[in-house]
Amino acid sequence: MNNKKYINSSVMWMIVVIGFFLIFIFVPKFLMFSVSLYNFIIFFICMIVFLGMFYFSLKKNKEAVYGVDRISNVVRNGIYSKIRHPIYVGDFILIVGMFILFPMFSFFISLFWVLFVLLFWMKLEEKLMIEKFGGEYIDYKKRVGMVFPRI
229 MNNKKYINSS VMWMIVVIGF FLIFIFVPKF LMFSVSLYNF IIFFICMIVF
279 LGMFYFSLKK NKEAVYGVDR ISNVVRNGIY SKIRHPIYVG DFILIVGMFI
329 LFPMFSFFIS LFWVLFVLLF WMKLEEKLMI EKFGGEYIDY KKRVGMVFPR
379 I
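So the mapping is simple: my numbering equals the position in the sequence shown, first residue as 1, plus 228.
Heads up, a few of these hints could be off.
Below, computed lysine-lysine pairings styled on DSSO-like, alpha-carbon distance capped at 30 Å [unchecked claim]:
no.	residue 1	residue 2
1	Lys351	Lys310
2	Lys360	Lys370
3	Lys369	Lys310
4	Lys355	Lys310
5	Lys310	Lys290
6	Lys351	Lys370
None of these hints come from the bench; they were simulated from the model. Quick caveat, the model's predicted, so the values are computed rather than measured.
Let the hints inform the model, and build the full structure from the sequences given.
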C-alpha cells in the first residue's frame, strides 16, 4: 500500500492567486480600455470552452480535480484521449478570455504568470504520475499531447 502524499491542485491555485495579487499591486497601472460587446462575446466564448473542458474532463475522470494520490488509474478515453491536461488548458483559455474582457497590462502579465505556473504544475504532476503508474503513463504520454492534440 502506497501511503505517499502527493501534491494537490489547491496549492497551485494559491500560487496563482498570490501571483495575481502581487502583479496587480506592483505592476504600474495602465488605463483600462473600455469593455465592448466584442470583448464580452470573446470572454463568453472562452468561458464556454473552459466549462466544456472542465465538464468533459470530470465526466471521464471525477478524480481529476484531486491530487495525484487520489487518482486510481490512467484515463485514456474522452477528452483525455486527445490531451493529457484538459482542465489546465481550459483554465488558461479562461484567463485569456479575462484579458480580452479587461485588456489591462496587469492581466497581460498575469497571462504569463498563469502559463508559467500551469506548465510547471503539469510537469510536476506528470513526474508524479510516472512515479505512480510507471510504464502505463509513459505509453500514454507518448501517444497523447500535453496541451495540444497530436496529429
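Do the hints match the structure? See the list:
For the given pair, lysine 351 sits about 17 Å from lysine 310 by alpha-carbon distance, which is consistent with the 30 Å threshold. Distance hint between lysine 360 and lysine 370 is fulfilled; the C-alpha atoms sit about 17 Å from each other, no more than 30 Å. Of the supplied pair hints, the one linking lysine 369 and lysine 310 holds, its CA atoms being roughly 11 Å apart against a limit of 30 Å. Proposed proximity of lysine 355 and lysine 310 is supported: the alpha carbons are some 19 Å apart, at most 30 Å.
Between the alpha carbons of lysine 310 and lysine 290 the distance comes to roughly 17 Å, so the proposed pair stays at or under 30 Å and holds. Restraint check for lysine 351 and lysine 370: satisfied, since their Cα atoms lie roughly 14 Å apart, inside the 30 Å limit.
Hint compliance for this structure: every hint is met.
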